[in-house]
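Asks: Residue strings, one per chain:
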Amino acid sequence: MPPVQTWVDSSGRRTQTCDKCGTRPAGQPHTPSALRRLVRRWFGVPILGATRRPLGLDDGSRSSRRLPAPCRTTETGYSIQRSQADPISSDSILSDPVSPTPPRPVAPPHATRLSFGAHDELLRSRRLSPIEEQPCCIIDRLGRRVMSRALLATTAVLGSVALGGTGLVLLVRSRRRAASPRGTEESRSRWRAVTINRTPEEVMPGGQPPVPLAELGDRVEVEVRPAPGGKGAELRARLTTDHAVGRMSRLAGSDPRLEVRAALRRSKQLLEVGEVLQVDPRPHGHRPSTLQGKLVDTMARRAGGEGVL
Amino acid sequence: MKALCWTGVNKTSVETVEDPAILNDRDAIVKVTLSSTCGSDLHLLGGYIPGMRAGDVLGHEFMGEIVEVGAAIRKHRVGDRVVVCSFISCGRCWYCRQELYSLCDNGNPNPALTEALWGSSSSACFAYSQLLGGFAGSHAEYIRVPYADEGAFPIPDGVSDLSALFASDAAPTGWMGADLSGITPGDTVAVWGAGGVGQMAARAAMLLGAEQVIVVDRLPERLAQVQSQIGADTVDYSSDSVIAELKERTGGRGPDVCIEAVGMEAHAMGAQFWYDQIKQQLRLHTDRPTALREAIYACRKGGSLFALGVYGGVVDKFPLGAIVNKGLTFRGAQQHGHRYIPMILDRIAAGDIATEHLATHVMPLADGPQGYAMFKNKQDGCVRAVFRPAS
Numbered sequence: 001m002p003p004v005q006t007w008v009d010s011s012g013r014r015t016q017t018c019d020k021c022g023t024r025p026a027g028q029p030h031t032p033s034a035l036r037r038l039v040r041r042w043f044g045v046p047i048l049g050a051t052r053r054p055l056g057l058d059d060g061s062r063s064s065r066r067l068p069a070p071c072r073t074t075e076t077g078y079s080i081q082r083s084q085a086d087p088i089s090s091d092s093i094l095s096d097p098v099s100p101t102p103p104r105p106v107a108p109p110h111a112t113r114l115s116f117g118a119h120d121e122l123l124r125s126r127r128l129s130p131i132e133e134q135p136c137c138i139i140d141r142l143g144r145r146v147m148s149r150a151l152l153a154t155t156a157v158l159g160s161v162a163l164g165g166t167g168l169v170l171l172v173r174s175r176r177r178a179a180s181p182r183g184t185e186e187s188r189s190r191w192r193a194v195t196i197n198r199t200p201e202e203v204m205p206g207g208q209p210p211v212p213l214a215e216l217g218d219r220v221e222v223e224v225r226p227a228p229g230g231k232g233a234e235l236r237a238r239l240t241t242d243h244a245v246g247r248m249s250r251l252a253g254s255d256p257r258l259e260v261r262a263a264l265r266r267s268k269q270l271l272e273v274g275e276v277l278q279v280d281p282r283p284h285g286h287r288p289s290t291l292q293g294k295l296v297d298t299m300a301r302r303a304g305g306e307g308v309l
Numbered sequence: 001m002k003a004l005c006w007t008g009v010n011k012t013s014v015e016t017v018e019d020p021a022i023l024n025d026r027d028a029i030v031k032v033t034l035s036s037t038c039g040s041d042l043h044l045l046g047g048y049i050p051g052m053r054a055g056d057v058l059g060h061e062f063m064g065e066i067v068e069v070g071a072a073i074r075k076h077r078v079g080d081r082v083v084v085c086s087f088i089s090c091g092r093c094w095y096c097r098q099e100l101y102s103l104c105d106n107g108n109p110n111p112a113l114t115e116a117l118w119g120s121s122s123s124a125c126f127a128y129s130q131l132l133g134g135f136a137g138s139h140a141e142y143i144r145v146p147y148a149d150e151g152a153f154p155i156p157d158g159v160s161d162l163s164a165l166f167a168s169d170a171a172p173t174g175w176m177g178a179d180l181s182g183i184t185p186g187d188t189v190a191v192w193g194a195g196g197v198g199q200m201a202a203r204a205a206m207l208l209g210a211e212q213v214i215v216v217d218r219l220p221e222r223l224a225q226v227q228s229q230i231g232a233d234t235v236d237y238s239s240d241s242v243i244a245e246l247k248e249r250t251g252g253r254g255p256d257v258c259i260e261a262v263g264m265e266a267h268a269m270g271a272q273f274w275y276d277q278i279k280q281q282l283r284l285h286t287d288r289p290t291a292l293r294e295a296i297y298a299c300r301k302g303g304s305l306f307a308l309g310v311y312g313g314v315v316d317k318f319p320l321g322a323i324v325n326k327g328l329t330f331r332g333a334q335q336h337g338h339r340y341i342p343m344i345l346d347r348i349a350a351g352d353i354a355t356e357h358l359a360t361h362v363m364p365l366a367d368g369p370q371g372y373a374m375f376k377n378k379q380d381g382c383v384r385a386v387f388r389p390a391s
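Line by line, the protein sequences are chains A and B. With my numbering, letter number 78 in the first sequence gets 78, and the count goes up by one each step, no holes. With my numbering, letter number 1 in the second sequence gets 1, and the count goes up by one each step, no holes.
Incorrect hints may have been included.
Unchecked claim - Result set (DSSO-like, lysine-lysine): computed pairs, CA atoms no more than 30 angstroms apart in a straight line:
no.: 1; chain 1: B; residue 1: K378; chain 2: B; residue 2: K31
no.: 2; chain 1: A; residue 1: K294; chain 2: B; residue 2: K376
no.: 3; chain 1: B; residue 1: K11; chain 2: B; residue 2: K247
no.: 4; chain 1: A; residue 1: K231; chain 2: B; residue 2: K75
no.: 5; chain 1: B; residue 1: K301; chain 2: B; residue 2: K317
no.: 6; chain 1: B; residue 1: K317; chain 2: A; residue 2: K294
no.: 7; chain 1: B; residue 1: K301; chain 2: B; residue 2: K378
no.: 8; chain 1: B; residue 1: K2; chain 2: B; residue 2: K376
no.: 9; chain 1: B; residue 1: K31; chain 2: B; residue 2: K247
no.: 10; chain 1: B; residue 1: K247; chain 2: B; residue 2: K317
no.: 11; chain 1: B; residue 1: K247; chain 2: B; residue 2: K301
no.: 12; chain 1: B; residue 1: K31; chain 2: B; residue 2: K75
no.: 13; chain 1: B; residue 1: K279; chain 2: A; residue 2: K294
no.: 14; chain 1: B; residue 1: K279; chain 2: B; residue 2: K317
no.: 15; chain 1: A; residue 1: K294; chain 2: B; residue 2: K247
To be verified - If you want a taste of the chain A side facing chain B, the calculated C-beta under 10 angstroms gives, among others:
no.: 16; residue: N197
no.: 17; residue: L216
no.: 18; residue: R219
no.: 19; residue: E223
no.: 20; residue: R225
no.: 21; residue: A227
no.: 22; residue: P256
no.: 23; residue: D280
no.: 24; residue: A300
What the hints assert, rightly or not - Which bits of chain B does chain A cover? Going by a derived footprint, with three or more residues having C-beta under 8 angstroms, they are:
no.: 25; stretch: 52–61
no.: 26; stretch: 104–113
no.: 27; stretch: 174–184
no.: 28; stretch: 277–291
Hints in this document: simulated from the structure, not taken from any laboratory. We treat Cβ as the ideally placed atom computed from N, Cα and C, and that holds for glycine.
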């Protein structure tokens, strides 16, 4: 049984030496897959493209250091660190068979600096080729095998999907709250405002709100304040009472916020132009009764009170 | 009265509709003398702009005679010959006071639709779907003009109806693109699209001091008009490489200012066109920005771009990297016509701007469907089909 060493990966996590190979951290490439063995047997060439995370080797001092990324990367994703003392060509590495017995782990001097280089040196010392490297298992500090490779992959995929899905749902919900609120607390608290090209005194003379807002009575709270940059006055209104509003009430047109928006817009037009612009009745040709047509009509009918105001 | 109505995707018909009425004190009723088709109508016709309702009366570029005024109208009287801006603006809100008339707060009675689509509501435009107000259009014998004191302009004596017609939309739109893109004397300006708006933008660029103006299109009759009527250079993108040609003519720099006057149904040669076309038909994006991409690519470092073409929603493969890394200034707008129309009418009267040649096909309103088909398919050298509702 090789001595147990502690390895530190790029995220600072410690793992111990794999009890199968004794040369590298648990969870790192170890055993070639059946497919890779077949491809190499039939075609005599390895499948390239195996990738590994950078690893640091804690050389006994247990000083966990985050190691820099490999200095150079080959097409296999490996960093080549040639040792002058033990020159081994890549050809000889690839052509050598798998060593039948795992040697003792020997951490070369630069293993603490460059993780891939450390691995390559270990590979050379064991006469292993890069294609032999496959993930094996996760081993905890007590040397117990806690997760198989397949389970690890499955967990990773499912976890990513779950996290992504959760994030998407949260994003949609937060945007929905921001853009088209349906919670009762939001309908109560949010001020809706229009900026009017008039002075605050002209907008609410003597504190009296414009007629469309005054018609809503005590259902709304109204205030006015100067707009910055000489842009006039900000006329603001919000509901004074809680209303249980949701999608259905919005679809049904009973959402009280529709009235607030429409009253604000009408107030603005009256104050700026002196009249509320009408569009109907207007000339039009034959309007067939279609679903699309009804949808467009409904959208237009609600357009005075809806929106992001 | 008779009116040309949109009845479905690529379908129009002339129908009998109710006469318009004064609904607000600041309204006027105009008897339409001439009403032009516009390239942006084709987006409505093709169903690319949401909010069209079967039966909507088309047309937003028109001139005519005032036959009725509301109680609050001060500048006009019955009998005035006027050209009317295609955008409806109150003239009183902060945006109108800044001369940003197409951003008017009060002109659009359906603000929620454009708020939902763009974040804020823009002003209304005649006959441009429920999105932009839902007002009836000008391909009719009569039209109601809201805020007529602001949007209707008297036509000077000596300016023909046909010349004044294009002061309604094409000429001020083109002028605005040249004006707001920041042309300075000595600049090279490239304009994509040799339709009415593109030609007017090219002429405006020349009048604003551009040393070299190059218009890009593929239709020979339009390129010929650019050379003969506008006096600008041309590039035929169906036979030349636009980028190489523009580089060659600008000493390798590229145009200082690029104006895109094509819009959401851009045509192009090659795979890029089909990519955009397929995605648009599948509604995976709403607009085909082919010409806009090329303009961004062609523009010199630190140059300026202006999108005059109509875009409604979202586009794919937008070269933001080129804008950022070349330090470009990119603007766009619907026309702030009220700002430019009086000056344009004066320039037409003075002979600085020629517009009549755009009206290649003038016809009675009863031939409206054929006129639109001809205009859409670029048949018979049609640059603009113009209708005479009174005839």
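Asks: Evaluate each hint against the coordinates.
Replies: Status of each hint after checking the structure:
no. : hint               : verdict
1   : B/K378 with B/K31  : holds, 29 angstroms
2   : A/K294 with B/K376 : holds, 28 angstroms
3   : B/K11 with B/K247  : violated, 42 angstroms
4   : A/K231 with B/K75  : holds, 27 angstroms
5   : B/K301 with B/K317 : holds, 20 angstroms
6   : B/K317 with A/K294 : violated, 34 angstroms
7   : B/K301 with B/K378 : violated, 35 angstroms
8   : B/K2 with B/K376   : holds, 22 angstroms
9   : B/K31 with B/K247  : violated, 49 angstroms
10  : B/K247 with B/K317 : holds, 23 angstroms
11  : B/K247 with B/K301 : holds, 12 angstroms
12  : B/K31 with B/K75   : holds, 17 angstroms
13  : B/K279 with A/K294 : holds, 27 angstroms
14  : B/K279 with B/K317 : holds, 11 angstroms
15  : A/K294 with B/K247 : violated, 52 angstroms
16  : N197               : holds, 4 angstroms
17  : L216               : violated, 19 angstroms
18  : R219               : violated, 21 angstroms
19  : E223               : violated, 20 angstroms
20  : R225               : violated, 16 angstroms
21  : A227               : holds, 8 angstroms
22  : P256               : violated, 16 angstroms
23  : D280               : holds, 8 angstroms
24  : A300               : holds, 5 angstroms
25  : 52–61              : holds (count 6)
26  : 104–113            : holds (count 8)
27  : 174–184            : violated (count 0)
28  : 277–291            : violated (count 0)
The structure shown violates the earlier hints numbered 3, 6, 7, 9, 15, 17, 18, 19, 20, 22, 27, 28.
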